[in-house]
Amino acid sequence: MSIRERLSGNEAVAYAIKQINPDVMPAFPITPSTEIPQYVASYIANGDIDTEFIHVESEHSSMSAAIGASAAGARTLTATSSCGLALMWEELYVAASDRLPIVLALVNRALSGPININADHSDSMGARDSGWIQIYAESNQEAYDNFLQSFKIAENKDVMLPVMICQDGFITSHGVENIELVEDELVKAFVGERNPEHFLLNEKEPMAIGPYAVSNYYMESKRGQRQAMLNARKVILSVAEEFEKISGRKYGFFEEYRMEDAEYAVVVIGSAAGTAKAAIEHIRSTTGKKVGLVKIRVFRPFPDEEIAAALSKVKAVAILDRSEMFSGTGGPLGAEVTAALYRAKVNAEVVNYIYGLGGRDITTDDFEKVYEELYRIAETHEVRDNYRYIGLRE
Amino acid sequence: MDNVMNKSYNFKEEMINKKDRFVPGHRMCAGCGGAVAVRSVLRSLHEGDKAVVGNATSCLEVSSYMYPYSAYEDSYIHNAFENAGATMSGVETAYRVLKGQGKIKGEYKFITFGGDGGTYDIGFQSMSGAMERGHDFVYVCYDNGAYMNTGTQRSSATPRFADTTTTPAGKVKNGKVQVRKDLAAIMAEHHIPYVGQTTFLGNFKDIYTKAEKAIYTPGPAFLNVLSPCPRGWGYETSDMMEICRLAVDTCYWPMFEVIDGTWTLTYTPKKKLPIEDFLRPQRRFRHLFKPENEELLADFQKEVDKNWNEILIKCNM
Amino acid sequence: MIGDKINEQSPWQDITEGNKLFEAATSREFKTGEWRTQRPVHNSEKCRDCFLCVPVCPDMSILVTKDEKIEFDMDHCKGCGICAKVCPFDAISMEV
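Protein chains in written order, with our numbering: chain V, 10 to 403; chain L, 2 to 318; chain E, 6 to 101.
So here's chain V without its partners, still in its complex pose (with noise of 0.2 Å):
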């Protein structure tokens, strides 16, 4: 039988944690990410865990300590959330390359500047090109399964990266939900031990990681991370699958909401899934427009295909993004999203939008508005403007 709670999403995962009981985890703490270190350190207090702590001066020296606990062959994960996702920045790109499987509880928050507390994407986005495996929550309840699928992710033999378990900071981090949590037992069985294969504390044979690696052999390292994260497709699927199994919750790269006889399409990742959903069931009841929605959950690996093939039918598609990269043509997902579907000539029309920026609230009219624009386009065929921000004043 699960268990059913209430818990904010930094409590669930904290719960999921606790249910873990990892080896080491070093941590710093950062808004809004702060309390799953703290709640670990009152598990620890209280006997509920044995993870050691590793009380770090700074974001930079978590996942650097990380990465040495890591290699030494400790199950081992951190938190963070924006300005510390960025101080690690050089150690995302170390961690992934020396195909560490550390997990990263990442709760989403706009970088800096100006400063700002609240949820928006550029801190993962930016981070998306560091060789991380990257999975994003909707929920408080997505981010506990998420997390308690992470190791067996991340420590494939396989697979061997990290991942990075994503979540919008406050709106899910800080906000109370009904939560079904897995039980102990369960868990513990589901996630099993960290058994490494190499590891520097191996009493049989000596390791050394983090070498100077000349052009000759270079490129050859990164086409095997690049195999890695081609293998994570299909391991992330067969975790689901046995998560499904105890939890009886399916999960895949992506969640399609009334996308079975969709004309018009939203493109969303994160917490926005749950306003757009209900916008959804609005237009479908008030005007019989058929509606839908394609949530991302894996970002890396991008399911290029898999996302091209569910939009293979709608006649207009808009895609939202909750951070910004400068290019001056949009966003990262709309980037990624557009090319998927270019490469699978898939025909639909498509716009990027741009929202919810360092917290800026998306409503079901923002949505509504959207939608009314897709049918616009589907029937014009004029895009006008591909790169537009919603709930900017003007």
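Keep in mind that the hints were calculated from the coordinates and are not lab data. Please read these numbers as outputs of a predicted model, since none were measured by experiment. C-beta: ideal position from N, C-alpha, C; glycine also. Worth double-checking, as some hints may not be accurate.
Unchecked claim - With a straight-line cut-off of 30 Å between C-alpha atoms, the simulated DSS-like cross-links for lysine-lysine are:
#	chain 1	residue 1	chain 2	residue 2
1	L	Lys51	V	Lys213
2	E	Lys90	L	Lys20
3	E	Lys90	L	Lys291
4	V	Lys324	V	Lys286
5	L	Lys182	L	Lys172
6	V	Lys254	V	Lys166
7	E	Lys51	L	Lys51
8	V	Lys299	V	Lys378
9	V	Lys213	L	Lys182
10	E	Lys10	L	Lys206
11	L	Lys51	L	Lys104
12	E	Lys36	V	Lys231
13	L	Lys100	V	Lys166
14	L	Lys13	E	Lys71
15	L	Lys106	V	Lys213
16	V	Lys166	L	Lys106
To be verified - Here's a subset of chain V near chain E, in silico, CB distances under 8 Å, partners left out:
#	residue
17	Arg108
18	Met169
19	Glu214
20	Pro215
21	Ala217
22	Tyr226
23	Glu229
24	Arg232
25	Gly233
Got chain V; can you put chains L and E on it based on the hints?
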């Protein structure tokens, strides 16, 4: 501390019986002092004990683990330039956890090396944090007084007036303006159980015994090793031992240790030599010997005397 | 030999995961002796087996043999000359 030392130091026995754990085929320059520092410290590990060697990005790193060639008998981890302290914190913590779980049986020791750039400057925060948290490992700075890996740029360990590629001695400038940071004293103020400052002298007793104490004292330890760089300092590769002797006999490089807060001088020159003797053989100080720069030499001497007197006071001498 | 398994002609599939290396001290395969422009010549008659030259070598290239004599590892000696300078008995000379 008494139980730390394996046995009293017998030079010939050490040379005959000890195996090196830093091995040939590394690509440090001919005559490199840094390589001698690493070799000497790792020789202080007791036979049978395992170790994980860490490394900040440095000459040492790019020369001692060039894929797929490692110059270490032990496990080795390099992460980046500024985080050797934090990285080893993670390794050492993992050891305690895995040992507690019974997954590791043997004894491991943890030693990490950084150059002065990676230690005094960019890696200072990471090292300071690791020492403050009390991790049981040794941070060894092989101090050659500049960013040698990138071509002799000034660091906060560079001595005053040194001619470096970013503080060149020119028509109106006389090299580095500032005096060097006293890192060993700063580390002593972290109230860690062991801090030592040393270099290579005679039969290497000083560096071996300090490295052994640093490694075998429970808790964090810091070892600062003056490691001459023939290329960056501008002297013949063969002169390393003479340069080291002049560094200590001019009192430019005091050799001491701080055990649980108690300072002890481990070497007093029989006759304190003028600082010119240390500076003259090095091209980086050549401009100081122009007649018009006599005053700068006097300033350098004043600085050395002041530091030496402070050390004597700290050591109750 | 590690160089037979992994070298600059290896396809990407042969490069170890994360460029990790699972054996120790492979650098011995790399012969730095080729860098040498002058070489140490040992005069065993002058040598008094004091071993003061052993620890000063940056390349661990002065070895103590079983019969307690010194021997040079010419595969790796880079010819820096520190040993010759430090010898109190002039038993090592550097020759081109």
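Hints and how they fare:
Note on Lys51/L and Lys213/V: the hinted pairing holds, with a Cα-Cα distance of about 11 Å set against a maximum of 30 Å. Among the hinted pairs, Lys90/E with Lys20/L is consistent with the structure: their alpha-carbon atoms are about 24 Å apart, no more than 30 Å. Straight-line distance between C-alpha atoms of Lys90/E and Lys291/L comes to about 29 Å, which keeps the hinted pair within the 30 Å bound. For a cut-off of 30 Å, the pair hint linking Lys324/V to Lys286/V stands: about 19 Å separates their Cα positions.
Simply put, Lys182/L and Lys172/L have alpha-carbon atoms about 26 Å apart, close enough for the 30 Å limit, and the pair holds. For the given pair, Lys254/V sits about 22 Å from Lys166/V by alpha-carbon distance, which is consistent with the 30 Å threshold. Between Lys51/E and Lys51/L the alpha-carbon distance is near 39 Å, which puts this suggested pair outside the 30 Å criterion. About 15 Å separates the Cα atoms of Lys299/V and Lys378/V, which keeps this hinted pair within 30 Å; it holds.
Using a Cα cut-off of 30 Å, the hinted pair Lys213/V and Lys182/L is violated, with the two alpha carbons roughly 42 Å apart. The straight-line distance between the Cα atoms of Lys10/E and Lys206/L is roughly 41 Å, outside the 30 Å bound, and the hint therefore fails. The hinted pair formed by Lys51/L and Lys104/L meets the criterion: a straight-line CA distance of about 15 Å does not exceed 30 Å. Between Lys36/E and Lys231/V, the direct Cα distance comes to roughly 29 Å. Compliance with the 30 Å bound is thereby established for this hinted pair.
Between Lys100/L and Lys166/V the alpha-carbon distance is near 24 Å, which keeps this suggested pair within the 30 Å criterion. Note on Lys13/L and Lys71/E: the hinted pairing holds, with a Cα-Cα distance of about 13 Å set against a maximum of 30 Å. Distance hint between Lys106/L and Lys213/V is fulfilled; the C-alpha atoms sit about 11 Å from each other, no more than 30 Å. Using a Cα cut-off of 30 Å, the hinted pair Lys166/V and Lys106/L holds, with the two alpha carbons roughly 25 Å apart.
The interface hint given for Arg108/V holds, since its Cβ lies 3 Å from the closest Cβ of chain E, which is under the 8 Å cut-off. Contact between Met169/V and chain E, as hinted, is supported at the beta carbon level, the nearest pair being about 6 Å apart and thus within 8 Å. A hinted interface residue such as Glu214/V counts as satisfied when its beta carbon comes closer than 8 Å to some beta carbon of chain E; here the least separation is about 6 Å, so the hint holds. Interface restraint check for Pro215/V: the shortest CB-CB distance to chain E comes to about 4 Å, inside 8 Å, so the restraint holds.
This hint holds: Ala217/V has a C-beta 4 Å from the nearest C-beta of chain E, less than the 8 Å allowed. With a cut of 8 Å, the hint placing Tyr226/V at the interface with chain E holds, because the nearest CB-to-CB distance is about 6 Å. Interface restraint check: Glu229/V against chain E, minimum CB-CB distance 4 Å, threshold 8 Å, status holds. Interface hint status for Arg232/V: upheld, as the beta-carbon distance to the closest one in chain E is roughly 4 Å, under 8 Å.
Taken as an interface hint, Gly233/V checks out: its beta carbon lies about 6 Å from the nearest beta carbon of chain E, inside 8 Å.
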